[in-house]
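Going down the list, the protein sequences come from chains R and A.
Counting along the first sequence from 1, when you hit position 264 you're at 264 in our numbering, and nothing is skipped either side.
Counting along the second sequence from 1, when you hit position 188 you're at 188 in our numbering, and nothing is skipped either side.
These are calculated hints, taken from the structure and not from any lab test.
Every value quoted in this text rests on a predicted model; they were computed, and no experiment measured them.
Any given hint could be a false lead.
[To be verified] Listed next, with one range per pair, are the computed distances between beta-carbon atoms:
id: 1; chain 1: A; residue 1: E75; chain 2: R; residue 2: A37; range: 15 to 21 Å
id: 2; chain 1: R; residue 1: S194; chain 2: A; residue 2: K214; range: 53 to 59 Å
id: 3; chain 1: R; residue 1: R128; chain 2: A; residue 2: H88; range: 25 to 31 Å
id: 4; chain 1: R; residue 1: R148; chain 2: A; residue 2: R294; range: 23 to 29 Å
id: 5; chain 1: R; residue 1: R128; chain 2: A; residue 2: G191; range: 50 to 56 Å
id: 6; chain 1: R; residue 1: E99; chain 2: A; residue 2: R128; range: 31 to 37 Å
Glycine is no exception: its CB is placed at the ideal position from the N, C-alpha and C atoms.
Listed below, chain by chain, are the residues.
Number of protein chains: 2
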Amino acid sequence: MTASERDLLVAGVDVGGTNIEVGLVDDRHEVHGRAKAPTPTGGPDEVLDTISRLIASLDADPVAVGVGIPGVVHEGAVLTVPNLAGWHERFDLVASLQERIDLPIALGNDANVGLLGEWLAGAARGARNVLGLWMGTGVGGGLILDGRPFNGARGAAGEIGHVVVLAGGALCTCGRRGCAEAYAGRRSMRGVASAMVDAGWTTSLFDIRDDEDKSSLTSKVWARALDEDDALATKLFDTAVETLGVAVGSAINLLDLEVVVVGGGLAEKLGSDLADRIAAAAEPWMLRPSPDLRFVVSELEDDAGVVGAASLARAAIVTG
Amino acid sequence: MTASERDLLVAGVDVGGTNIEVGLVDDRHEVHGRAKAPTPTGGPDEVLDTISRLIASLDADPVAVGVGIPGVVHEGAVLTVPNLAGWHERFDLVASLQERIDLPIALGNDANVGLLGEWLAGAARGARNVLGLWMGTGVGGGLILDGRPFNGARGAAGEIGHVVVLAGGALCTCGRRGCAEAYAGRRSMRGVASAMVDAGWTTSLFDIRDDEDKSSLTSKVWARALDEDDALATKLFDTAVETLGVAVGSAINLLDLEVVVVGGGLAEKLGSDLADRIAAAAEPWMLRPSPDLRFVVSELEDDAGVVGAASLARAAIVTG
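Input sequences plus hints: build the corresponding full structure.
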């Protein structure tokens, strides 16, 4: 890489519930260097300190920084962050990070930013109407509509996990009853798995968790239990897929989409099988699917958030 | 009106299941003359003959024609028309109508076109993210997203009536189970009302229908039964509103909307009460509603389709 190419590098920052990942990204969306640290649990200032430290550790200086965060984002501020410890109120992240790093800084929601990465450089490249479906602790989502990222009135769009599939059904961690996430989010699935074990069912899920030295049922734990044909894990996963099919079918009826990108840890581990299964589950609910409709898995995997955040950074150079 | 103003008039055509309405519309979206006829049941050619005759009967010659039709529309063709008798296959409406009327012609889906009218000149004027919810024989919808009409990959977007609210629930006329329309479309509601009467319940709905000399349970019949506190009509209508609340809540979680416009015959008759009731029914399902979110009823009523179709006509003058 020449010096002139290095001048074009921006930093993409993906703040997750477990780790913060930072990458140096060029204008072809390629990642040239990475750094990673556990997400601090002490609130916004600790997170910004970690971001600054990770960026300083990269082997080149970026010309701008983009950050994806799991919260509602509007005009450079984070309005709510349900899944990060210590974030209780509105926080002007761009202004605060700029006090530490004197560069153009941009901010986006993590699911929207992840889809941006897949749309610019991954599985949804070139598509005009795309839903991103991220299977994780919860179920997140993002949208590309009419050939551009769609964030909604306040940056809160894309919540495919809180599309209601069975009004009055299972209690969701958001407090409502019948959201897709109540059946397909790993946090909810773990709660049901525990209850089933208490009721006398057997499963290898918790043994695999201990064997893998994890503190929760991660996607790796689920993937291993499914691979080993664990009956309870299979039953819970089937329910998750069926439920996501309903939510995605509703989204397609409302938005007439062309591509559904499935991402998150399970997508990395199960690959295109997972996309095929969700496609099959969605098909019965679709009124008029486009003949061009495709279900694909994330191509960038962990890099999707970094690449998407970097693209926000690149836009921030222009817009200030 | 001067001759130069007349030069700017375009025709908006609203093809409904019952009537075809045509209006002469100026560039301020005002309607200057109207004509109306029952929708022929003999298929596309009869419909085009009626449109041509209605346009010829107007007291000025339009410079372009826009048509809204209850079907999936793509690139000047009608792909499917579930609710018009005699339309069984793809039909090149623009090309065929142009053989009769030598003017620029544009085509849109009726629900999308109705929302376009409300967005340009009615209840959603100036809003950037809008859902139109049309309560009729079925439940139709349209979307304005990021400040422009959104039609999806193939022109099939906006189907709020086929957002699933209770997977596996009531059988919908589309063949799926649990769509909002299965609970809130007048056709489905009539079916349940008949069954309830067969089971011994009493209702004034069918007496009012006869008294009003209607052949079906029109919005006027429903409005009168509700006004007279008919218990069964009230129960069915409450279910419809609750169900629409779930579907609209899901749409808001997915799209972070600013305005929901409620239209159709019942909206005209019940007014803002209907919008308030749907708002109250949707509120419990919303994850993060925008503080600016508003629920309003259609202002243009029957003219929404004509005005929206006319705006398509005006665009067709420019694009050819």
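Status of each hint after checking the structure:
In this structure the supplied range 15 to 21 Å is violated for E75/A paired with A37/R, their Cβ-Cβ distance being about 51 Å. For S194/R paired with K214/A, a C-beta distance near 57 Å keeps the hint of 53 to 59 Å intact. Remark: the range hint 25 to 31 Å for R128/R to H88/A is upheld by a beta-carbon distance near 30 Å. Checked against the hint of 23 to 29 Å, the C-beta distance between R148/R and R294/A comes to roughly 25 Å, which is consistent with it.
Taking the beta carbon of each, R128/R and G191/A are about 38 Å apart, not inside 50 to 56 Å as hinted. The hinted window of 31 to 37 Å between E99/R and R128/A holds, with their beta carbons roughly 32 Å apart.
In summary, the numbered hints that this structure violates are 1 and 5.
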